[in-house]
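S.K.: Sequence positions in the sequence shown follow my numbering and run 1 to 136.
Quick caveat, the hints were computed from the structure, so don't treat them as lab data. Any given hint might turn out to be false.
To be verified - In the BS3-like style, the derived pairs of lysine-lysine whose C-alpha atoms are separated by at most 27 angstroms in a straight line are:
{"no.": "1", "residue 1": "K87", "residue 2": "K66"}
{"no.": "2", "residue 1": "K49", "residue 2": "K87"}
{"no.": "3", "residue 1": "K66", "residue 2": "K83"}
{"no.": "4", "residue 1": "K91", "residue 2": "K126"}
{"no.": "5", "residue 1": "K96", "residue 2": "K49"}
{"no.": "6", "residue 1": "K103", "residue 2": "K91"}
Unchecked claim - Okay, the calculated beta carbon distance ranges per label pair:
{"no.": "7", "residue 1": "A94", "residue 2": "K48", "range": "24 to 32 angstroms"}
{"no.": "8", "residue 1": "D33", "residue 2": "Q107", "range": "33 to 41 angstroms"}
{"no.": "9", "residue 1": "I105", "residue 2": "S61", "range": "58 to 66 angstroms"}
{"no.": "10", "residue 1": "T11", "residue 2": "D69", "range": "45 to 53 angstroms"}
{"no.": "11", "residue 1": "G7", "residue 2": "E123", "range": "19 to 27 angstroms"}
Here a beta-carbon is modelled for each residue, glycine too, at the ideal position from N, C-alpha and C.
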Amino acid sequence: MLDYHLGSGTTCAVAHKMGRQYIGIEQMDYIEDIAVKRMQKVIGTTVKKDGELLESLDFDSGGISKSVDWQGGGEFIYFELDKYNQKYIDKLNAIKQGHGTAKTIEQLYDEITKHAFLNYDVESEKLLASKKDFEN
């Protein structure tokens with residue numbers, strides 16, 4: 001199951017309880033505050049209640065839990081993706097703030113032309129030819 005608007009994680013929580021494979025995608029920065037915490041509750045945590053000898057699993061029992069006899073468990077993985085070329089933007093911003101020399105700019109220029117992810121319609125030959133425009 002693919003949920004490309006993860007939001008609060010309801011669809012992934014249901015898929016998890018049903019034993020289905022799922023992928024949730026979220027672009028906003030609140031994934032750790034909402035969806036990740038929700039999935040952690042679905043999976044559950046081991047707790048030892050007062051007066052009991054054994055630990056038990058405390059898990060989310062709402063939604064479809066009764067109909068699928070959900071008992072907690074499982075695991076999930078989440079990733080955060082960086083923007084393309086973010087490190088180059090950060091380096092350029094540092095140079096703009098006075099943390100660089102002409103040599104630093106030239107080194108960064110060389111690094112970008114050799115290693116950065118450039119849009120398919122960037123004509124790298126013209127980009128390299130324009131290098132002398134940036135020299136003193």
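S.K.: Each hint needs a verdict: does it hold in this structure or not?
M.R.: Going down the list of hints, with the structure as the test:
For the given pair, K87 sits about 48 angstroms from K66 by alpha-carbon distance, which is inconsistent with the 27 angstroms threshold. A threshold of 27 angstroms between alpha carbons decides the hint, and for K49 with K87 the separation of about 48 angstroms lies outside it, so the pair is violated. A hinted pair counts as satisfied when its Cα atoms are at most 27 angstroms apart, and K66 with K83 does not qualify at roughly 41 angstroms. The hinted pair formed by K91 and K126 meets the criterion: a straight-line CA distance of about 23 angstroms does not exceed 27 angstroms.
Annotation: proposed proximity of K96 to K49 is violated, straight-line Cα distance about 58 angstroms (limit 27 angstroms). Of the supplied pair hints, the one linking K103 and K91 holds, its CA atoms being roughly 13 angstroms apart against a limit of 27 angstroms. With their beta carbons about 51 angstroms apart, A94 and K48 fall outside the hinted range of 24 to 32 angstroms. Taken as a hint, the range 33 to 41 angstroms holds for the pair D33 and Q107, whose Cβ atoms sit roughly 39 angstroms apart.
With their beta carbons about 59 angstroms apart, I105 and S61 fall inside the hinted range of 58 to 66 angstroms. Taking the beta carbon of each, T11 and D69 are about 20 angstroms apart, not inside 45 to 53 angstroms as hinted. At about 41 angstroms, the CB distance of G7 to E123 disagrees with the hint of 19 to 27 angstroms.
In this structure, the hints that do not hold are numbers 1, 2, 3, 5, 7, 10, 11, in rising order.
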